[in-house]
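Engineer: Given next are the chains, with one letter for each unit.
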Amino acid sequence: MAEKQIMVKIDHVSKEYRLGAIGGTTLREDLERFHAKIRKKEDPTLKIGQKTQEYGKRFMALKDISFEVEKGEAVGIIGHNGAGKSTLLKLLSRVTAPTKGSIGMNGRVASMLEVGTGFHPELTGRENIYMNGAILGMSRAEIGEKLDQIIAFSECGEFIDTPVKRYSSGMYVKLAFSVAAHLDSEIMIMDEVLAVGDMKFQQKCLGRMGKAANSEEKTILYVSHNMNTIRQLCTRCLVLDHGELIFDGGVERAIDLYMDTAVKNGSVDIDLKNKRMAHLPPVIKAKMTHVHLVDKQVPVYEFEEKLKFDLSVEAKTNISNLSVRAEIRSADGGSVAAGILQEFTSFFAGRSKILEMELLLRGLVPGKYFVLLVIYNVNEMGTYDDLDAVFPAFTFEIQDSKHALKINWNVNAWGKIRLDDLKCVGERDDS
Amino acid sequence: MEQQFKTVITANSKWINLHLKETYEYRDLIFLFVRRDFVSKYKQTILGPLWAVIQPLLTTIVFTVIFGSLANLTTLDVKATEETVIPAFLFYMAGTICWSYFSSTVSSTANTFITNSSIMGKVYFPRLVSPAASTISNLISFGIQFAMFLIFLLYFIWKGKMEIRLSGYLFLFPILIIQMMMLAMGVGIIVSALTTKYRDLAMLIGFGLQLWQYGTPVAYGLRLVPEKYMKTYMLNPMTPIITSFRYIFFGTGYFHAGYYGMGWGSTMILFVLGIVLFNKVERTFMDTI
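Protein sequence lines correspond, in order, to chains A and B.
Numbered according to UniProt numbering, the first sequence terminates at residue 431, and the numbering increases by one at each position without gaps.
Numbered according to UniProt numbering, the second sequence terminates at residue 289, and the numbering increases by one at each position without gaps.
Pulled out of the complex, with its shape left as it was, chain B reads as follows (with noise of 0.2 Å):
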């Protein structure tokens, strides 16, 4: 009698499977990872989640000095005009929270294998919910490091720094937060999936990372940017992310649909990218791990 299994594992996987549903049936899982995230991240510390909050304060306070009053570097993004003056200290805070969770879901997402290798190397389940409670766990600190920014937002405000001028474009906030954390959950698990093989790439993260940044403008405004390089320049998906966020709060600044759009396609690209890697290697990585 030839019967029909549920579960059928051959040696040749589809090339592409993402394991979605899979993925979906586990959720309850990825929820316990970020909860255990964050509650092994905090426990036994004295300020618990004010340390989400104190590391991005304190770059912006030095970006603020540093780059804002000591290299006197622009922080505009567009022509200045009266209107597009913001404070610096917004200014840098924005790009700062935005950066600063871009960074740390790709350094999170991208020791998946190892750091989880314990538990992968004894039972199943899809490995895509590891990299995907990293990537959500991590948006519960950039909430809060959000909520710190609304809060500088309002007192320059009510200090009469500056007028509200939320953006229309306000909708596309969540949409922006989508983009940016497929964007870092993909290239997260593209080097994941490169570390199984060749743990150097974990050496280079960091410093990787550090280069990343400077070719973003979380310390500069685009403006520093000479027009003939912009299209180059805007290949880079995280900068029409920070410059849109910002044109979100501030009401001024950079917002190029083409470029927008244009940073969606290099994101689907690695991310699409990054679960085919995953996908190919996760069924065989406990061997060479």
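Same shape as in the complex, but just chain A (with noise of 0.2 Å):
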């Protein structure tokens, strides 16, 4: 067999960010910095409660990575929020470039690490294929040629010819998909992009991209916190954990240890700040900032137990009848049940507030869930919009240590929920 051709090279690649210097210093900050570091008094520019040697304290994103794809492979990168899969992503993408270490890529890449990159309101459906396929490196030739192919698989035709400004989102999406399915770059790097639009496209979309790996040869770089999607159109996976590359070998390996490491790095106190699921609308008018799970040390609960929890939550702008849902998500990605309470607080802007929130994981058996928590506003279509999500925002295990079960619940059979016990209301003679 022919040696295989290397895709993409990863060497010795770490990735490190300066604490609290992240976002645009101003002059003035960096001068009073400076002043008071002179007469040896504290910085008068950190946060209260900042402690002095936090500041420019170096944090490692990425730790010593290395790794290498051969052409035609789909390989999976799972990881917790914080194990620096974005990170990766970003300097595979070139977004920004490593602290040390180099990256060796053989051929095109697009990236998507977000769905309709340079998508302008004002322009059309059409005009933004250009623009979208120009961006993301295509020429206009190679668009027009590809451009029926791209309007038939984005299922927008009709619309085409209309500014994108007027879509919903899921035909926004859809036509964003498309455009980046269809380059023909040999290396694809994708972020949850498929984490959206409904079930149907999903599945077209993993074809799509199943069938560029497989008979097209092309090189996929996935990363998903779906299991599901990764076990569907991977066939290697990396797990990546606190920055450090911790297991390249089989999917389902890959997966086991991610669920595993997902518990024992449980928290209980989880900040929200920065993460936001990639089909949100970039405005942000609210946003969950914070979450702490009650009374507990480590996120363990027993069967049946009340799960209680605090949810900061910032507003924006003025936000009335906001309605939270906590779906819950097995340790494969599978939704298993949602919590829901519908309309029942307002915001001004600029405030935030803690919501004590509780649910009653009742029925839900023992083993690790992740929990993806959306506040929403329900518009007066009856549609709902989502004002921010979060997954995982947090993860949490069952366990049945007073034997409440009584059984040996066989989870691959019976499902994540045990029903009220069955009952018997009589019994007859049946002569």
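Rather than coming from a laboratory, the hints here were simulated on the basis of the structure.
Please note that the accuracy of each hint is not assured.
[Said to hold, decoys possible] Straight-line distance between alpha carbons at most 16 Å, and here's what the computed EDC-like set of lysine to aspartate or glutamate pairs gives:
hint : chain 1 : residue 1 : chain 2 : residue 2
1    : B       : Lys-6     : A       : Glu-127
2    : B       : Lys-43    : A       : Glu-122
3    : B       : Lys-43    : A       : Glu-127
Bring the two chains, given one by one in their own frames, into a single complex with the hints.
Structural biologist: Shown next as structure tokens:
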């Protein structure tokens, strides 16, 4: 067999961020800091409670990562929030440069860290196809050649000459994905872009990507929290944890490992500020900032214990009738159940509140779970406008140390919920 | 097996890597950015591209009234002779359209990283594409304004207020435009590179451009500048551009090959410095912006 061609080579790559230095500084702040330093006073620009030593402390988002990807491989990248997945994708798509090490790539890279990058609301669907394609590195002629295919795939044919600001969010996503999926690039980098759109379209996208990897010999790097799509698409999987590559190999083993570290690393105080699912509109009207699991040291609950959490929400605009939904997902990404509270609170612009929430995990059997938190509005049309969504907002484990279940629950066959026991309301003689 | 990669990203960039070849490969994107700027600017306005004309036209009128009639500033670049006198209106218009190209290009390229951070945070393309596109899309407005200028020029000639005196230096015109583009882009990207670290400069740019305009013969003739300060005054590369522009179309005024060459020198310095600085920040600006 001929030697496989290596398409991506990551060679001892590290990426370092300076804490506190993220975000633009002003010249005045720098001067004040310098002035304070020479007088040996405390830094005046620090936030209250922030320690001087912490400022400028270095944070390694990626530590000495090395791997290679061959032509035609579809590689999944999994890990928890903050594990370094996004940083890795940013480096691969050349949005930012590594602090150490080098990255070699053979061929054109199409990066889809977001759907519809560069879409301009005033331009029509057709114009945006050209725009988006050009941003992703296609020439006009190439886009022209594929235009019909793209339009057909997007299912937006009727509206192709309408400005995209009139599109529904579903159409927007479909159009954007179609452009990216038809790129002639050798390497495709995707960050959970498939998490949007309806199920049918998702399957269509996965099918398209699978075909790209298998028959067109494209190389795919795919990040997702949805283990089912990873299983479906990928032939190999990397697990990142705290900036380190802890596993590189088969998909099933990788997923097992990921699920183990999920709860091991589970925290009861989770900062949600910088987490926001990719499909949401870029304008932030409200943001969930923090979640705290009440009365817990570790996120482990007994069977049928009440899950209490304090959810901090900050409103940027006036918001009335806010609703919250907590979606419980199993560790492999499948939906299990959801708790919903509709239209119960309102916010004034600029205010934050801590919402004390409770959710009774009735019948949820022992196992590891992820929670997707969504805050949303119900609009006049009766559809949902998601204001903010985070996945996973937190993870938890249910155990049954008191043997409340009284049996060994067969999760694979019986599912994740134990309904109320069957009742036998009478016995009759049948003779 | 040691393999050669087409793209290699390392921690340290080469001191000067202009990405010029790559930027050229993305020329379709430049074109599309230009188109996007143009379309989104004038969509849902009634007058559309006419707006490009209205602003310099009003400025010219205000200049003619305030600086010309009220303040009575000279509109001469050289000592007065019979043939150097040209209508004040045309004089101000020539300066205004050049200056407005320069200042709008500087301010739009200066904000390149900030206005495009959402795209640049998600996908790679040679970053130089976006200031280049602003430079070109402003050139479209300049083209419209220049057409207006020509119409007024012809009108004044038709009315007999001045003669056709196109200078033999007309061949310099395209070179002048290129110089103006390079200068504006150079200054703009220097500011853009610095604003990724210090946002303050973004505040300063509007004000700075206003001050710069006072140091450029837009609202007055070069004659106003005392001879002894001439050398210092001419360090401003916009000065020879504007005076040469007037010289080309009015056939009279001030054209000094030495100062013009010096203007090119400082333009090149600013342009190269801009690209070097831009290249230094473009790789990691996403971490700080």
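Engineer: Taking the hints in turn, state whether each one holds.
Structural biologist: Now the hints, each set against the structure:
1. B:Lys-6 to A:Glu-127: Outside the cut-off at roughly 30 Å; violated.
2. B:Lys-43 to A:Glu-122: Holds, because 8 Å separates the two Cα atoms, which is no more than 16 Å.
3. B:Lys-43 to A:Glu-127: Status holds; Cα separation ~14 Å.
Checked against the numbered hints given earlier, the structure breaks only hint 1 and satisfies all the rest.
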